[in-house]
Amino acid sequence: MREGKKTFLNIFFIILLTVVSAIQVMLLNQYSTTGEKLTFITRKVEEVEKENDKLSQKIASSTSRIAISTRAQDLGLFKNTSVLSLTTPLRFAYSPQPL
Amino acid sequence: MARRMNFIFFLFFLIFCLIIIRLFLWQIASSDRLGGLAEKQRLVTLTIPAQRGKILASDGSPLVINQTAYGIYLEPYKISDREKTISFLSKELDTDPSSISAQIKESLLWIPIAHKLDEEVKERIESKQLSGVVFTEEDKRYYPEASMAAHMLGFVGKNAKGEDQGYFGLEGYYDEQLRGRNGVVHQETDAFGNPILAGELTKIPAENGRDLTLYLDKTIQYIVETKLREGVERFKAKGGSAVVFDPESGGILAMASLPSYDPAIFSQFPTEFYKNPAISLSYEPGSTFKTLIMASALNEGKVTPETKYNEEGPVEIKDYTINTWNKKYHGEITLSEILQYSSNVGMVFVGSKLGKDLFLNYLERLDFGDLTGIDLQEEATPPLRSKSKWYDIDFATASFGQGIAVTPLQMVRAVGAIASGGRLLEPHVVKSIKTNDGKIIYTSPKVERIVFKPEVTRIVAEMMVSAVDNGETSRIKPPGFRIAGKTGTAQIPIAGHYDTEKTIASFVGFAPVDKPRFVMLVTISEPSTSPWGSETAAPIFFSIAAELFSYLGISPSD
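Top line first, the protein sequences correspond to chains A and B. Using this note's numbering, the first residue of the first sequence is number 1, and each one after it goes up by one. Using this note's numbering, the first residue of the second sequence is number 1001, and each one after it goes up by one.
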């Protein structure tokens, strides 16, 4: 009976040691690969930011006053030199004096 | 046996002592040095560069943003074919091969060759797969509107430490705010350089530079620059400036000067182009100054709109004779006609009525001789002579704008006081500043002082309208609109006398008169086709004004 208990304890401790070691290996593995993942994500963020900057720059160039004006000229649009100003018409039945 | 035991004991004791000494040296005496070395091995310090702030127009569209650029470095010990590398780089970088060759020293680990290269150049060099050529990322300023408002924006160059620094205009004035602050990361890394998440991490985030939003309206700036360039070419002038000022807020809606430069390639232009003439050029305002002296005399009640002057001939002041500009004399004329005919002798009369003390007092109240306080680097002001250095002839000539120097900005601001009911405003370029945490700080309009009574400004404005409608410029003004304005033609003083050939022609005015939306000054330096302001600066002013009416939705009835 006593011998059986001793064997059980031995097996239990061996399993416990194996499980704890495995957990440690897993955790270490997780830590090391997460660091790599983080580097990958950081690099990706930088790439996306750079791409974003490039696109902002493209938008700024193509919407610039000079670009629009050149495009308008190419399309044959021109400035109207004679400006006609329309005054606001009086409302119907308007009276300057209170009725 | 005992001797042997003693020897063994002594040997162990000695080894133990040596270990203790060694441990003492490592752990106590050299602890800091070794700790540092260990940290250096496992800790990486990275700089997080702060992005320089953007400069935006009043509608939020970008005038200056950042672009990724590249610095190119050489590692001499890795270069396999030195001649081929130098020859290719010199072609791509447009530099002399000898200048690259001179920089390469075998004793150096790396040598910076060029900065702020475009991505296309980097890709071309990279495609050659030259050994010993490395790139680093840098930030570069990008100008979507090319050279628009170059004098207002300034540029970013390198300081003595090799760091980016803003020079001139907004880049110079707001350098601290635009620059931001770099951040730092201290991180524990593994053998491959990947971060250890459970390790040490100290992070001071970068504080990006603040974004500036300007009063500048891109469309108005474009109109002003286009018309000014056309005018300078048409009148074969040496240069010119135009300033458009908002009389409500004191904001600068547009400011252009010629000759100008491209801030993206500033080093390819002569350095004298960098200074903004609109805020630093001293010139004699000529007849445009008459409006201010007239307003001062009316404000003090020394003359009234009914006052008349008998313009019967030249005026003698001691040894000097003052004539009208065309030597024509109109007999009895009103104050309004003095401005309309741009009568120098009439203004000598008005100036004398104002009196010397009040004359100088108004110059000071209009801030002549002082900086306007505009938020642009390199603003300058010609000094105002001390009271003891003013002689009778000086008061007489200054009353029609000669013998006194101002900057274009000072002049447009002073006339702005007439347009804004007598309020002298501090001019501003920046409308708001956006901080890193998204907070927006607005620049509120600042009234420096009230110089003129509102009723006086209305009288002077009507006189200026009359000068435009009935004077030399009546044929060229946009029909139907009420524009207050005044021409000016000043000779350029050279070595104590005036150059009879060279002039600075100008036109200052505002519109619509009843509720001014803009005050504008156009100055043209040394026009060749005609020396007169009415034939050079005025047509430019009116052509800009005509487009502004359309753009701002101002109808003739306004």
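Heads up, a few of these hints could be off.
As the list claims (entries may be wrong) - Covered, in the sense of this in silico footprint (three residues per stretch, anywhere, with C-beta under 8 Å from a C-beta of chain A), are these stretches of chain B: (1) 1136–1148; (2) 1186–1197; (3) 1355–1364.
Simulated from the structure, these hints should not be mistaken for lab results. We put the beta carbon where it would ideally sit given N, CA and C, even for glycine.
Right, here's what the structure says about each hint:
Counting residues of the region 1136–1148 of chain B whose CB lies closer than 8 Å to any CB of chain A gives 5, so the stated coverage by that chain holds, three being the minimum. Three residues within the 8 Å Cβ limit are the bar, and the region 1186–1197 of chain B against chain A gives 8, so the coverage statement holds. Proximity of the region 1355–1364 of chain B to chain A, defined as three or more residues with a beta carbon under 8 Å from a beta carbon of that chain, is not established by the 0 residues found.
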